[in-house]
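S.K.: Protein chains in written order, with my numbering: chain A, 149 to 215; chain B, 38 to 171.
Hints in this document: simulated from the structure, not taken from any laboratory.
These numbers were taken from a predicted model, which means no experiment stands behind them.
Accuracy of the hints is not assured; some may be wrong.
To be verified - Simulated DEER-style distance windows between Cβ atoms:
| id | chain 1 | residue 1 | chain 2 | residue 2 | range |
| --- | --- | --- | --- | --- | --- |
| 1 | B | Pro61 | A | His200 | 35 to 45 Å |
| 2 | A | Glu172 | B | Ala127 | 15 to 25 Å |
| 3 | A | Glu198 | B | Asp82 | 15 to 25 Å |
| 4 | B | Leu81 | A | Val194 | 14 to 24 Å |
| 5 | A | Glu179 | B | Leu81 | 13 to 23 Å |
| 6 | A | Glu179 | B | Glu157 | 48 to 58 Å |
Unchecked claim - Sample of chain B residues with no beta-carbon within 10 Å of chain A, all distances over it, derived:
| id | residue |
| --- | --- |
| 7 | Glu66 |
| 8 | Gln84 |
| 9 | Tyr114 |
| 10 | Leu156 |
| 11 | Glu163 |
Cβ coordinates follow ideal geometry from the N, Cα and C atoms, glycine included.
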Amino acid sequence: MQLRIVILPDGRFGLYSEDGGFAEGAQALAEVLATLGAAGIEPIEVGRVEQHRHEDQSIREEIRHAH
Amino acid sequence: MPCNAVAMVTARVGDPTLLASLEPAQRLEVLRAYLAAAYPDLQLDIQSEGARCLIRLGTLRLALEADGRLTLSGNAYDSREQQILAELPAALAELLRRACGLALQERIRQTLAGCYVLLEEQQVGESLVLRIEC
């Protein structure tokens with residue numbers, strides 16, 4: 149599974165799974181956070197892991213499945 | 038239907054813990070670069086004493102503590118020195134906050150690169166974007 153991490157200079161960072169389903173993506177994010185925590189990078193706030201889907205994703209999926 | 042997972046995280050940056058975690062040489066270099074650029078006409082000397090940085094800027098004798106506090110040894114007599122003292126605390130706080138932010142980016146990059154396959158790394162403005170394979 150591929151993850152994208154965007155680290156802002158003010159200490160905030162975002163984790164985004166780029167493939168797979170929500171459940172395995174959420175698990176991968178949790179593992180990365182645990183890895184960072186073990187390295188002493190302790191988050192002071194973790195937002196709820198959310199699902200994200202582009203507005204046209206269902207259409208793109210249908211088109212892909214149709215082919 | 039596939040759905041991506043997204044999490045937003047806030048880590049400590051610019052606090053005494055991370056400030057102290059900056060390498061002493063890195064702290065000195067950041068200070069030296071900033072002060073030399075801001076006050077090119079003043080003689081500058083910076084040394085570390087434990088967790089503190091001792092700064093000689095012109096006739097001013099300053100100490101930057103590990104928690105970011107700036108203290109003055111002696112007095113500021115003329116208007117230039119008083120102006121420098123008025124502007125330095127906020128400027129140094131911002132400078133160190135940014136330095137800590139960059140240090141945090143590097144710590145995250147090194148940690149992830151040591152545990153996962155780093156597929157892509159890109160600097161976008163002041164933000165660092167990584168793509169990893171888990």
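S.K.: Are the hints correct? Go through all of them and say.
M.R.: Going down the list of hints, with the structure as the test:
1. Pro61/B to His200/A: 35 to 45 Å: 42 Å Cβ-Cβ, so the 35 to 45 Å window holds.
2. Glu172/A to Ala127/B: 15 to 25 Å: This hint is violated: roughly 46 Å between Cβ atoms.
3. Glu198/A to Asp82/B: 15 to 25 Å: Between Glu198/A and Asp82/B, where Cβ atoms are some 52 Å apart, the hint is violated.
4. Leu81/B to Val194/A: 14 to 24 Å: At 42 Å between Cβs, range violated.
5. Glu179/A to Leu81/B: 13 to 23 Å: 46 Å, violated
6. Glu179/A to Glu157/B: 48 to 58 Å: 19 Å, violated
7. Glu66: 18 Å, holds
8. Gln84: Answer for Gln84/B: holds, closest chain A Cβ roughly 28 Å.
9. Tyr114: 37 Å, holds
10. Leu156: About 7 Å separates Leu156/B from the closest Cβ of chain A, which leaves it inside 10 Å; violated.
11. Glu163: Given a closest Cβ separation of 4 Å, the condition is violated.
Comparing the model with each earlier hint shows violations of hints 2, 3, 4, 5, 6, 10, 11; every other hint is respected.
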